[in-house]
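Undergrad: Listed here are the chains, written in short residue letters.
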Amino acid sequence: MEESKLKLYSSWRSSSSCRVRIALNLKGLKYEYKAVNLLKGEQFSPKFSKLSPLNYVPTLVDGDMVVAESFAILMYLEDKYPQHPLLPPDLKKRVINYQAASSVSSSIQPLQNLVEQKYIAEKVGSDEKLSWVKHHMEKGFAALEKLLKDHAARYATGDEVFLADLFLAPQIHDALTRFNVDMTQFPLLLRLNDAYNELPAFQDAMPEKQPDYLQS
Amino acid sequence: MVVADSFAILMYLEEKYPQHPLLPQDLHKRAINYQAANIVSASIQPLQNLVVLKYIEEKCGSGERLAWVKHHIEKGFAALEKLLKDHAGKYATGDEVFLADLFLAPQIHAALKRFKMDMTEFPLLLRLNDAYNELPAFQDAMPEKQPDYVPS
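Residue numbers (the UniProt record's numbering), protein chains in the order written: chain A, 1 to 216; chain X, 1 to 152.
Source of the hints: derived by calculation from the structure; they are not laboratory data.
Just so you know, these numbers come straight off a predicted model, no measurement behind them.
A virtual CB, placed ideally from N, CA and C, is assigned to each residue, including glycine.
Relax, there's no trap hidden among the hints.
Here are a few chain A residues that face chain X, going by a calculated C-beta distance under 7 Å:
| no. | residue |
| --- | --- |
| 1 | Ala68 |
| 2 | Met75 |
| 3 | Tyr98 |
| 4 | Pro110 |
Some residues of chain A that are not near chain X, with every Cβ distance over 12 Å (derived):
| no. | residue |
| --- | --- |
| 5 | Arg13 |
| 6 | Ala142 |
| 7 | Asn180 |
| 8 | Leu190 |
So the derived label-pair ranges between C-beta atoms look like this:
| no. | chain 1 | residue 1 | chain 2 | residue 2 | range |
| --- | --- | --- | --- | --- | --- |
| 9 | A | Asn180 | X | His71 | 27 to 37 Å |
| 10 | X | Gly63 | A | Met183 | 33 to 43 Å |
| 11 | X | Glu81 | A | Asp204 | 34 to 44 Å |
| 12 | X | Pro18 | A | Asn180 | 39 to 49 Å |
| 13 | X | Pro151 | A | Gly28 | 52 to 62 Å |
| 14 | X | Pro123 | A | Ser45 | 23 to 33 Å |
| 15 | X | Leu126 | A | Asp204 | 39 to 49 Å |
| 16 | A | Lys30 | X | Leu135 | 40 to 50 Å |
| 17 | A | Leu91 | X | Glu96 | 17 to 27 Å |
| 18 | A | Asp150 | X | Leu13 | 20 to 30 Å |
| 19 | X | Leu135 | A | Gly28 | 42 to 52 Å |
Using the sequences and the hints given, assemble the complete structure.
TA: Below is the structure:
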């Protein structure tokens, strides 16, 4: 059996890894799943550090090409494997996709790491951190509702799945399952989440379906 | 057309106004540019914005605020040094200015001027900063040259 040349270093819990998993599924790309146990600190192993300078997952290996950072990986996949484009042809819609993606990856998701930060753990109780993160997550979601309301149809920016959906799906999933966010405040995002739940490419990428689920 | 968010704006400008491309043709170099841009925009900058800093200051005291920022900038800068060391030329990913440089210049400027960091551990970034200081396009964009600049 031919070994797939695509390898994805991923953790089941990582929403940024989830974005890439969705893209690989949409583009019909087979890959080898390389689990990185974040709780055990495997991302800091010398071998992995050589591959990924920030010691983050996801990292994609494609032959001799190594790409870390989910956005960079998605842009690479988009350039190299153009089937099922992740960006629409219309410039206005492309820009909405970039804005939604950036909003999740710069304004919402980085705050989740705050919860795990041991750096301030002694000074700030975990319940308090959680509620602060939740508050800011909700602010981010409110902004996304506004951004997408004139553009969404079946999916975030129209009737086809694009980049924005890849960022939204894992973030909404985390909000519901890890942060107990009341998503009924965000009806558009909730509706999109229902749409994502119907798509195998999205469902197969979710944390619960990964080989390392609950093992780290 | 109204665009918010610096990354989205840059991608819009790149597509609408193709002069002086912000991304190289080579796939590998493009990926390096996207990675560098995201290390700044997703791993460093969000943790140094005012909202987060205020929170840290409230909960942990004003001394912690600077320590927090420096910790995250240093982590990000260490990663950037590693990422770029085999790719940098005169600028971050070669001898022409690309997307990575647009993200690095303001971040290094902030590290030096706002947070008074010692950048000697990051010789590549320091060298890049010197290169940016020679370019009018970069210099004219710096905070001190803006109409709303307020010295602090």
